[in-house]
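Start from the sequences and build out the full structure, keeping to the hints where you can.
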Amino acid sequence: MTLMDSLAADSRPWAFLRRLLAKAGLSGRGLVIAAPMLWLLVFFLVPFLVVTKIALSELVIASPPYAPMIEWTKGGELIVKLNFGNFQFLFSEPLYLNAYLGSIKFAAISTLIALLIAYPMAYLIARSGERTRNVLLMLVILPFWTSFLLRVYAWIGFLKGNGVVNNVLMSVGIIHDPIVMLQTDFAVYLGIVYTYLPFMILPLYANLVKLEDDLLEASADLGARPFMTFLTITLPLSLPGIIAGSMLVFIPAVGEFVIPALLGGPDTLMIGRILWDEFFSNRDWPVASSVAIIMVVALVFPIMIMRSAQDRMEEKAK
Amino acid sequence: MAQAQKQKHAADTRPWRDPNAIPFVRIEAVSKRFPNGVLAVDQVSLDIYKGELFCLLGGSGSGKSTLLRMLAGFEAPTGGKILIDGEDMAGVAPYNRPVNMMFQSYALFPHMSVEANIAYGLKRDGMAANDIRSRVEELLNLVHLPGYEKRKPGQLSGGQRQRVALARSLAKKPKLLLLDEPLGALDKKLRERTQYELVKIQEQTGVTFIVVTHDQEEAMSLATRIGVMDTGIIAQIGEPNEIYEFPNSRYVAGFIGNVNMFEGVVTEDEPDHVRIRCAETVNDILVPHGVSCAPDQTLWYAIRPEKLQISRERPEGDANFAYGLVDEVVYLGDLSVYYIVLESGMRIQATKPNIDRWDEENIRWDEHIYVTWEGAAGAVLTS
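In order, the protein sequence lines correspond to chains G and P.
If you read the first sequence in the working numbering, its first letter stands for residue 1, the second for the next number, and so on.
If you read the second sequence in the working numbering, its first letter stands for residue 319, the second for the next number, and so on.
The reader is advised that the hints may include incorrect statements.
Using 16 Å as the maximum straight-line C-alpha spacing, the simulated EDC-like pairs for lysine to aspartate or glutamate come out as follows [claimed, not checked]:
| no. | chain 1 | residue 1 | chain 2 | residue 2 |
| --- | --- | --- | --- | --- |
| 1 | P | LYS493 | P | ASP403 |
| 2 | P | LYS470 | G | GLU314 |
| 3 | P | LYS468 | P | ASP505 |
| 4 | P | LYS470 | G | ASP177 |
Selected chain P positions facing chain G (in silico; Cβ < 7 Å) [said to hold, decoys possible]:
| no. | residue |
| --- | --- |
| 5 | TYR367 |
| 6 | LYS368 |
| 7 | PRO416 |
| 8 | PHE421 |
| 9 | SER423 |
| 10 | GLY439 |
| 11 | GLN615 |
| 12 | TRP618 |
Computed far set for chain P versus chain G, every beta-carbon distance over 12 Å [what the hints assert, rightly or not]:
| no. | residue |
| --- | --- |
| 13 | ALA411 |
| 14 | PRO613 |
| 15 | VAL655 |
Bear in mind the hints are in silico, worked out from the structure with no lab data behind them.
All figures in this text were calculated on a predicted structure; none of them were measured in a lab.
Using N, Cα and C, we set each Cβ at its ideal position, and we do this for glycine too.
Put into C-alpha cells, the structure is as follows:
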C-alpha cells in the first residue's frame, strides 16, 4: 500500500472503527464471516448439543423430565452418566424404523412428483419473455404471503367429505358419493407437493434461465430433435438445479409434522408425528431427543453426498 | 490425381462468372419481418456457388446474422424462398438441413469433452463408435488439436475453443457451413493466423462456406466473394477487389477501407470522358471514361488514400489535383498517413509507402503541398 492509499483509506469515516477493530485483532472481513458462524453456533450447534445431552439421559418423572448427566456425589465423586438405552430402544422397536422409512418414502415420492411438476413450469418461466417471467415468478412466490398453516387448513376445506372438490364433482354428476380424500396418504402427498413446490421451482428456474439458446440451437443444428436435445443438453446441464431443488424439498419433507398431522390419517406413519407424540403425549424427552438426533444424522450424510456431487458437477461445468 | 484435381479447381474457381453455372444456394427475394415489426432482411436475392467462401459483410443491424440464421433454419423467412442444392428449405427443421453452423459464441457443450462435442452430430446420425473415434481424430488433426479428446471446453483457450467449434461443425461433412463471426472473439495475431487456416481448411474440405462478419479486413482476406449488407438489403456483391476498387455506392466505398469522398457536379458529359466541377478540390476532376448520369447531376468521386500522390511541385494541367497543408503525419512503419487540409477546408488522407529507411526529403507536417491523382484511380458514384 502506498502512502497515498493509506492516507485515502484513513480519511474514510469508518477508519476510526477499523483501527479500533484492528487493535482487537479483527478485520472487517473476519467480522462478516464471523456473524453467520456465530448465528449457527448459538442457534444450531448449542441447541443440538443440548438435545444430544437429553438423548443420553434417563427418563425421570420430574421437571424437566430427565435425569442430570453430570452429578457430584457427596463423597466428592464426579459421575458422568451416558445412557444409550434410548437409542437401543429405538432400534429394538420396529415402530420407529417404520416411521423413519415412512418419512423417507413420503419425502422421496413427494420430491419426485414435485420435480415432475416443477421442471416444465421452471422451463416455461425461464423461456418466457422478461415481463411474463417476472409475473410468473411472482405467482410462484405469492402463496408465501399467506401463513403455511392457513394454507394447509384450506386444503382440509377442499378435501373433506363435504368439501369443495367433492361438492363440485357431485353437482356435476361425475360421482354420487363423496370420495374419501382427507386423512389419506394422498392428502399428505398433495399437501407436501403443494407446500414445497416453490422450493423446487426456484432453483430449477435459476439454473434453466442461464441455459443459453446457442447450445440448444447448436444441438438442433447437429441433427438432434428437440427431445434428444432435452435429454443430452438441457437435462444434464440442469442437474445442479435438480439436486438443489430436490434437497430443498426432501429435507424438510422428511421431518414434516404439520401436513401429516392435519391431512394424514391415523396410519400415516411419519417421524415428525412420532416425535410430537413422544415429546408432548408421552413426555419422554430422552426418547424424543434420540429420535431427533437419528433423523439429523440420517439426513446429514445423504446431504453431504449430494452437495459434493453438486460441487463436482459445477467444477466440471467450468 | 492431385494434378487433375488442381486443374479442375483452377478451371472453375470463379463459377459466378459463368452464366451457365448452377448456384448451390439460392436465396430468392427473402425477407424477414420480426413480430415486433422490425424488417431485418428486405427482399434479399443471392446466389452462392459450390466451393465458395462467401462473406456477408455488414455492420450491426444490417441483417447479416438474420440471413444466416434463416439458412440454418433457426428463423423462418416471412417472404421469399431459400434453396440449398436445389431443395426448398421452407418448413425444413434445422436438424434435417444439410447445413451446419459455427456459432459466434462457439456454443460448445460445457458438460461434454472435446471428443463428445465433436462426436455429437455423428452420434445423432447413428454412426458406429469406431468410425466416430477415427473421424474425431481426423478432425482434431485437421484443426491442429490432436490429443485434446478428453479436455473439457472450460480447459481450453479461446483459440482452441474456436478450433473445436470448427471441427464440430465440419464433423458431419455438411454441404454448406455457416460461420457466424468465426474469428470475432480472437485477438489480432491469432485472428490473422486462423484466417489463413480457415481458408486452407475450406480448400481441403471443399465445403461451401458462408461467413458473416463485420470486419472488412477479415472479409477481404477470406472471401471469394463479398456481399455487403446495409439495413436489410444487399448493397453490393462482388469479389474483394471489385468491392474495394469499384464500389457501387458511397455506403460500400465508405464501409470498406478508407476513402476520400469529393462531391461535385457534371460539367462535361462525353462518351470518353467526364468533367466534374468540385468545390472541395477547387480544381476539376477529369475522369477518362463515360459515366451514365444526367447533365448537372450531383455525383461523388471516391478515391482511396493510397491512390493519391503528394508533391511539392505544381502538376501540369488544370484537373485532378488539389492544393493543401499537411495537418498531420502518422507514421505506421510500413507506410505513413498524411492528413491534408485542402484550400476548401476539407480534410483528406493520403498514404505513402516508406520505401526508404531514411529520407531527408520526406514531406513533413505544416508544409504546403499538391495532391494529385490519376483520373481513373477513383470511382464515380451516383448514389
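> Looking back at the numbered hints, which does the structure fail to meet, lowest number first?
Replying inline: Structure breaks hints 3, 4, 5, 6, 7, 11, 12, 13.
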